[in-house]
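Since each chain sits alone in its own frame, please combine them into the complex, following the hints.
Protein chains in written order, with this note's numbering: chain U, -15 to 592; chain L, 12 to 118.
Among the hints, erroneous ones may be present.
To be verified - On the chain L side, residues computed to face chain U include the following (Cβ under 8 Å):
(1) A19
(2) V23
(3) F35
(4) Y45
(5) D47
(6) C76
(7) V77
It should be emphasised that the hints constitute simulated quantities derived from the structure, not laboratory data. Just so it is clear, CB atoms sit at the ideal spot from N, CA and C, and this is done for glycine as well.
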Amino acid sequence: MYILGISALYHDSAAALIKDGEIIAAAQEERFTRAKHDKSIPRNAIHYCMDFAHIEAENIDAVVYYDDPILTLDRFLANLAVIGDNQKDLLELSYDSMFQDKLWIAKKLEQAIGGLGKARKLFITKHHMAHAASAFYPSPYESAMIITVDGVGEWNTTTIGVGKENEITILKKIDYPHSIGLLYSAFTYFCGFRVNYGDYKLMGLAPYGEPVYYDVIKNKLIDVKEDGSFRLNLDYFDFQNGRSMTNKKFEMLFGGSRREPEQKITKREMDLAASVQKVVEEVIVKLARTAKALSGGVENLVLAGGVALNCVANGVLNREKIFKNIWVQPAAGDAGGALGAALLFYYSKCKNRRVAEKETQKGSYLGPAYTEEEILHYLEANGIPFDKYEYGEEFYDTIADLIAQQKIIGLFEGRMEFGPRALGNRSIIADPRSEIMQSRLNLSIKYRESFRPFAPAVLEEKCSEYFDLDMESPYMLFCGFVREKADIDFDLTKYLNHKNDLTEIIKRKRSAFPAITHVDYSARIQTVTRESNPVFYDIIKQFEKKTGCGMLINTSFNVRGEPIVCTPKDAYYCFMNTEIDVLVLNNFILYKEKQPKAYKRRDVYELD
Amino acid sequence: MSWTNLEAEKIVKYLKEAHVHDSFPAIEKECTSYFDTYDMERDSLIEEFGFMNIPELQELLKRKCVVNSSVVDTACAIAAFKNKSEIQEEEKTAEEGYVLPTFIYNF
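The following block holds chain L by itself, in its conformation from the complex (with noise of 0.2 Å):
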């Protein structure tokens, strides 16, 4: 299966559903930093990576990402399993644990 048009219209259309950004910040005259403070806890941590399944991949996309929504998530998780033949077993295994939202099958 390859990727097609229509699927990159579903992810545009989705990442639009879901108001994520307008705009990237602006220059600002009147502030006197542009710094923002990192976060230690969440952005210096090593983590181990690596997902068996379309709802793993989910998880951990909702769990780091700004673009926040579960609806862009999935639809990038489908992407991501798109043309995986070798994981197929997996796949096969995330359908078992999870009922996929109507929409992937549009997708």
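Chain U on its own, in the form it takes in the complex (with noise of 0.2 Å):
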């Protein structure tokens, strides 16, 4: 029984592919189109699913798409009933997207698909629903409570769960336009980055400010009641009227207007950071004391929704000790809305029997693979010098060594990641013990501000050595704090008064792996396991061995603007324009000074 699953139209579209329950395939639109968080309706996402499955339309059995476009536009014209003198713009601005797409989709998806499989129609979840399963049901457990917090799905924002074997049952929930992923978006917004697109620059500010404005933010913007639930203050946010996320009210509580995008950040930016942050971690852990409450004993937590990607409050989850066990879905986003829907529909509408296992997720290692053959026919095809190596000791020994002779690696292995994070099969990877590798992957590689340190990939087995974190963390989702701090005198509150100078702090040294480590000591950790994803495993393994350190850095494979890279195409192109030394595509090794100077070209990528 094959059923396909859709998220499209919002942001992050991707198709997922089950077949039995099993899943076989997934991958976000933006990896084929090359737009970051493309929203249109997932063509090529769609059809890598069908063929990697080797089927046509007529062998899915249901196409389920995760969203109700009705209740949607329910919310969008209560919302216009609301507003006060723009609704008429509003209804405009909005109005291809309201009338021509989301009502529209079951046409639209069926000429994409070609076909809207055996039953003939489209099946629709509703988001909250599909965020809960994309939770639940890869999860390694029986049951579980089940949060969801994002932006907002339809009328919901919220929802608190629980499930059991194949049933999901969703018990409270809170309504737009009270939103904790609105008001993160806002204060996004508000310090100069992108909504949807810098809510996790905005997280990795946080650890430079402090939360000063806390108070105000409770008093005056959210109330939060004991059990997590909140209600926003609307009269200081613009989002319901389209223009922006927030208005002069807003402006004037925090000092002043906004930060203009590629403006200085200054301490105001890292103040709001560090206050929201702490807003948003007390809400999520009273939402899990909450659903603690509501479990009977459950022990295990599992989260979704774009809120659930803020691994600093993960971390802070996970230190709280509700709940014995948390596992959160590694395509959180909409993207995993596009899981959720397929395996509510097999699970939930077929009835089928759900056993729990570990590696359900596969590591979200779901997207396309290319094999030696055809790297080595897009090699010799355009004349690009190579090294073939067979996969063992030699090569991931040569690996090492590059790494540990500080060259900086682009790594393409195996199938492409579902979800935001680069796990290791497009990924950058680099030492870090180097005090000048977080400012040369920021600002010679990425281009990207340069605030942000980059995540430790640790050996599972040894991550307890280094880290703090006490649980396993495939999917980059928690946040730990480094064991061993550098022995110097740094006080950053005091730095920050003087200098207000971000550059400055990160060339600090901070720790004995300084180029993973916040200046709070905190690390977006990933453990790896042979298990899961051997020749990255092995290639840790082989450094450990030749430097006694059991970790690396790894950032997504792309620069700054640019979806992670999909094929060996697009590898070579980020490898040639950027500072990276050495290409891995498979079992090949790529040198950049025996490259031809032919293959240089600048794609240009808007800011995110």
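Given below as structure tokens:
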């Protein structure tokens, strides 16, 4: 039984295919179209899934879309009825999206797929049910409490539910316009980052600041009850009008107009980031306590929705020990809705039996892979020099040697990751011990703001040696703290007050692994096992043998504004247009100095 | 036929006449929880989704929506069928099987 799940028309369009309950393929459309967060109908992702399974439209038992367009229109109309003087502008602005796209999703998908499968009908789930399903069904738990938190889906912004065997029941909800996701987006916007693109930058900025605006936010912008439920004070926001996220009143509250994109980041933005992060963490923890109170003794918690990508909040949740176990869907945003929709249909609609297993998500390596023959053909057809290896000790040793020599490696292996994080198959890897690697990677490879440190990919068995994280974190969704701090006398607050310069701060050595250690000594950790990714594991293992260091920097294989690379060609162009020293394409190693200059080409990506 | 200011004004006008909402729920310091109950009977359903004509879309809107006004529903259904030359046949079917309210002709 093949079920195709689709998310589209909001952001991060994606397709996911399951066969008899097994997740066999999933990918985001942006990887194929090269347009970040692409929201169009995911034609390429759909056809990738179908080609992977060698099926045609008539072989699909059901096509399931992750959102109810009628309820979304209902929320849009209700919002329109409430707002004052901007109704007509908002209606005109949204006409195509509301009336010409979303309502016609069945026809659009029928055209893209070549039919709506055996049922000849499109099935729809509710947005937060799809998120809940994406969190619960691939989790390793027979039963779990479920929390979903995002900007908005149809009417809902937050839900608490419970999953047991093949059934999901949502118990509580909070509706638009009261939304933690929108609150966070408002601060993302106000601090000069793009909404839906820059939320993780705000999270990365937070450790530089102090939560001095926490009380202001709690007193003026949001009322949070003890059970984690909340309401926003809409007097300070403008998202209802579709013009911007915040209004003049919000500006007055925080000392003036928003930071314009690309302007210098000041202490105000750092403090705002720290403050809203603290509020989000408080809400998430309180929601988890309520979920626990409703659980009847269930020890497992699963999360999805865009806010579940906040790995700092997830780390806090883990340290609170409200639940014994936590699992977060790696494609927690809308892309994962495609997967949730398909799984919900299979288990809830079709009443199929579910057996909880550890590797249902398959490490999230669910995207396209390229064979040795395909890569060889690409290299030879384009006259690209390479060294070919067999997978084995010599291959891993060569890569580990290069990293130890402070080379930066583009690593392209096996199936592409599903979700926003690169987990070793479309990654840039480097030595975390280097004091200059954070600046070098940020400025000459990623072309991005220099304040953000990189994530460590650590051998799972070594994780507790380096970090205080006491759990698996295969999807880089939990933050922990570096155990061994550098012996330096460094007061961040005093430094910021006097210098207000992030680039100076990041040059200060904070631990034995400066490139992955944030100013508060936190790190966004990926634990790696041989079972989940043997090639990546063996590269790190070999590096450990050489250097004693059982971790590497792991950052996504792209430049700022570009989606993560998908094909060998994407990888080669990224390699040639950045200061990546070495490209590993499966078992082929390419050295920059041997490459023809003719392949240099600058793709221009809009800054995110 | 393109979307015009006049048509946008019509939907706004009908929404106002329908008295759908005056405001969203606001902060209430005295209450202890803002949670609502999720209606599993209604909100968890996996449904077939599609409509062939304006009346079918109106029926969907009527059945599901908080904004429940036949005038608004019809206005929205008409808006949805604008610029859809590829479904003219279905529109024709709609017109055959359904007497459109008079205001639609001013739309």
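Verification of the hints:
| no. | hint | in the structure |
| --- | --- | --- |
| 1 | A19 | holds, 5 Å |
| 2 | V23 | holds, 5 Å |
| 3 | F35 | holds, 5 Å |
| 4 | Y45 | holds, 4 Å |
| 5 | D47 | holds, 5 Å |
| 6 | C76 | holds, 4 Å |
| 7 | V77 | holds, 5 Å |
Of the numbered hints stated above, none is contradicted by the structure.
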